[in-house]
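Student: The lines below spell out each chain.
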Amino acid sequence: MKREEAEVYLACHRPGREPGKMVARALGMALGDAGLTERMDAQAAFDAQWVALVGVLELPSGLEKRVEAGQPARRSGGIQLLHPAVLAVVAGVLMIVGFAIWAWWAQGGRFVGQDSVEQILVSSRGVNGNEFKPTQARAGELDDVLYMQGFEAFHLLPELEALRAAGTRVLKQRSGMVAQVALNVHDAVLHVFAAEEFGVEIAAGQWVVFEAGGFVVALRTDGAKCWMVSFRGDRAEMGSFLEGLGK
Amino acid sequence: MRPGLVWSLWAVLALLCGGCGSFSASSGAGARGAAVQDSFCGQWEGRWVSAKHANSSGKLLCRLTKMEEGLYRAEFRAYWLAFHANYAVRLSGRERGGVLVVEGSHELPKLYGGTYQYSGRVTLMEFKARYGSSYDEGVFELSRPR
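Chains L and R, in that order, are what the protein sequence lines are.
Using this note's numbering, you'd call the opening residue of the first sequence number 1 and step up by one each time.
Using this note's numbering, you'd call the opening residue of the second sequence number 1 and step up by one each time.
Do not rely on the hints blindly, as some may be mistaken.
To be verified - Mimicking BS3-like on lysine-lysine, the simulated pairs with C-alpha atoms at most 27 Å apart in a straight line are:
no. : chain 1 : residue 1 : chain 2 : residue 2
1   : L       : K172      : R       : K66
2   : R       : K52       : L       : K133
3   : R       : K110      : R       : K52
4   : R       : K110      : L       : K133
5   : R       : K128      : R       : K52
6   : R       : K128      : R       : K59
7   : L       : K2        : L       : K65
8   : L       : K225      : R       : K59
FYI, nobody ran anything at the bench for these hints, they're computed from the structure.
Extracted from the complex, chain R is given alone in its bound form (with noise of 0.2 Å):
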C-alpha cells in the first residue's frame, strides 16, 4: 500500500472519529438558537486541502450560526472519497471592518492528532480557514453556494 494512501485512510478515520466523537455532545441548542444572526452566517460550501497529506482533500460543507454575542457554531460535513462525517466546532468570532475573525478549536483523540485548532476570516462571500494539529494541517476554502 502506498505512503500517501496510508496516510489518506489515516484522515478519513479522523474525520470520522471527530464526527461520532464531538457532533452529539455540541449539536443541539445552537444550531437552533434564539441569537440574532448576522450576515456572516448561514450556509457555505466548498473543500478542505490537507497541506501536510499529498492528495487528502474533499467537499466541505458548513452551517454556520452565531450563538451568542462573539460566539458562533461550526457545523461541518466534510468529504473523503465516498465518507463523509459531520463534527461541530465552536469558535469565538470578532468583526473588523466586514471581516469576522475567527478561532477555536476541537478535540479529537490524541491518536488522530489530538486537539484541532482552528483560525479565518469570513467574509460576506468567502470563509477561509487553517486547522493544524499534531497530526494534519490544512486550509478550508468556503464560500456561498449558487
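Pulled out of the complex, with its shape left as it was, chain L reads as follows (with noise of 0.2 Å):
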C-alpha cells in the first residue's frame, strides 16, 4: 500500500471501532510512520468534535417512530409552494398575464376594427329622422325595404326581428354598405354590416359593450355579420335593452 492511499484509509479509521481489512493494513503503515501517525490523530480529534455537536442535535418529535415505520418526512405547504419548481411555474404565469395586460392596455383596451365601427357612428351623429325612410314593419321584415335600398344580404339574430322599426336607410362607408334601422326604443339605431368589410374581431356570439362619441353601443357577430345597437344613453340602459331582447 502507499503512502497516499493509507492517508485516504486512516481518514476512515473510527477508534473503538474493529477496523476493516484496509483500514488495519493502513494503520499498521501509520505505526511506522510519525506524518501518517500524527495527520490520523488530527482527523480522529476532528471527527470526535462533529460526534460531539451532532449528539448535541435535538430529533424532531416522532422520528424514530417514522423512520422504523419506513414513513418519510412530511413537508410543510408553506415549504412546497417555495420549491423552485412551483416559483418557476409562479413567474411564467405571472410573466403571460402581464404581457396579456400590457397588449391590453397598448391598444386602449379597444378591440379590432372599433375605429372603423366608430366611423359608422360619426355618420350617424347627425341624423335627425328624415334621412331614412318610414315604415312600421319589424326590423326582422326587412329584408326587400333594405336590398331596394342597396344592401343585398340583409338578415338579423332571432332576438332582433321583433324590434319595432321606424325607418331605414343604408349607408355607403369607405369600407363598406351598412344597413341602419332606426328603432321605436330609445331612438336606437341598428346597424347591419360586414365584419371583413369593417375589419371588426370580436368573439363571436355575444355582445361587447362600449361607448364613443356620446352613444353607448352594443355589437354582436357572427364571423361573417355585425350588428351593432347604439343610442345615447349609459351602459346601464343598455344592458336592459339587451336583457329584454326577445322577450
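Please assemble the complex out of the two chains, which come individually in their own frames, going by the hints.
Tutor: Dropping the structure here:
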C-alpha cells in the first residue's frame, strides 16, 4: 500500500471500532510513520468534535418512529410553495398575464376594427330621422326594403327580428355598406354590416358594449355579419335593452 | 312528383345558379357609379311569370341604375316560394318619346338554359320586359313601389 492510499484509509478509521482489512493495513503502516500517525490523530480529533456536535442536536418528535415505520417526513405547505419549480411556474404565469394586460392596455382596451365601427357612428351623429325611409314593419321584415335601398344581404339575429322599426336607410361608407334601421325604442339605430369589410374582430356570439362619441353601443357578430345597436344613454340602459331582447 | 313541380324546381335552380354565378362578377361599381340618374332609374317591384312552365311565377324586385349614357344596370331579386336570388343584368337603353327601350342578355350555364335574353320598355311608372332562353321564357311586370 502506498502512503497516499494509507492516508485515505486512515481517514475512515474510527477509534474503538473494529477496522476493516484495508484500514488495518493502513494502521499498520502508520505505526512506522510519524507523519501518518500525526494526521490520523488530527482526523480522529476532528471527527470526535463533529460527533459531539451532532449529539447535541434535538431530533423532531416522532422521527424515530417514522424512520422505523419507513414513512418519509412530511413537508409543510409553505415549504412546497417555495420550491424552485413552483416558483418558476408562478413566474411564468405572471409573465403571461402581465403581457396580456400590457397588450390590452397598449391598444387602449379597444377591439380590432373599433375605429371603422366608430366611423359609422360619426356618420350617424347628425341624423335627425328625415334621412330614413319611414316604415312600421318589424326589423325582421325589412330584407326587401333594404335590398331596394342597395343593401344586398340583410338578416338579423332572431332576438332582433321582433323590434319595431321606424325607418331604414343604407349608408355607403368607404369600408362597405351599412344597413341602418331606426328603432322605436331609445331612438336607437340598428346597424348591420359585414365584419370583414370593417375589419371587426371580436368573439362571436356575445355582445361587446362600449361608449363612443356620446353613444352607448352594443356590437355582436357571428363572424360574418355584425349587428350593432347604438343610442344616447349609458351602459346600464344598454344592459336593460339587451336583457329585454327576445322577451 | 308532378311534371309541373319538377319544372318549377328546375326554374328555381336556374334562378339560384344565375344569382350565384353572375351577381358578384357584375356587382359593385355600377350600383355606386357616378352617372347622372334619370327618371327611369330607381326602385321597381312586381312579378316574373313564366309563359312556358305552368304555375311558375314569383315576386320580383329591381334596382335600375344608369351606368353611363345608353347603358343601365338592373339588379334583380327574384322570388320563388321561400327562395330568392339576386342577380344583375347590363341593359343597353335608348329613350324614345318618354319611353326607355332596353335590351340585354345574361349568361347562365347551358344546363339552366344558357343565354337569357331580355327586352323591354320602361316608362315613368311601368317596367315591362320579356325574357327568354332555351329553357324558359316569360315576362317581368314591374311598377313603382308604393
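Student: If a hint holds in the structure, say so; if it does not, say that too.
Tutor: Hint check results:
1. L/K172 to R/K66: holds (18 Å)
2. R/K52 to L/K133: Not satisfied, since the Cα-Cα distance of roughly 38 Å exceeds 27 Å.
3. R/K110 to R/K52: holds (17 Å)
4. R/K110 to L/K133: With a Cα-Cα distance of about 41 Å, the restraint between R/K110 and L/K133 is violated, given a limit of 27 Å.
5. R/K128 to R/K52: Between R/K128 and R/K52 the Cα gap is close to 18 Å, so the pair holds against 27 Å.
6. R/K128 to R/K59: holds (14 Å)
7. L/K2 to L/K65: violated (45 Å)
8. L/K225 to R/K59: holds (26 Å)
Hint violations for this structure: numbers 2, 4, 7, all remaining hints satisfied.
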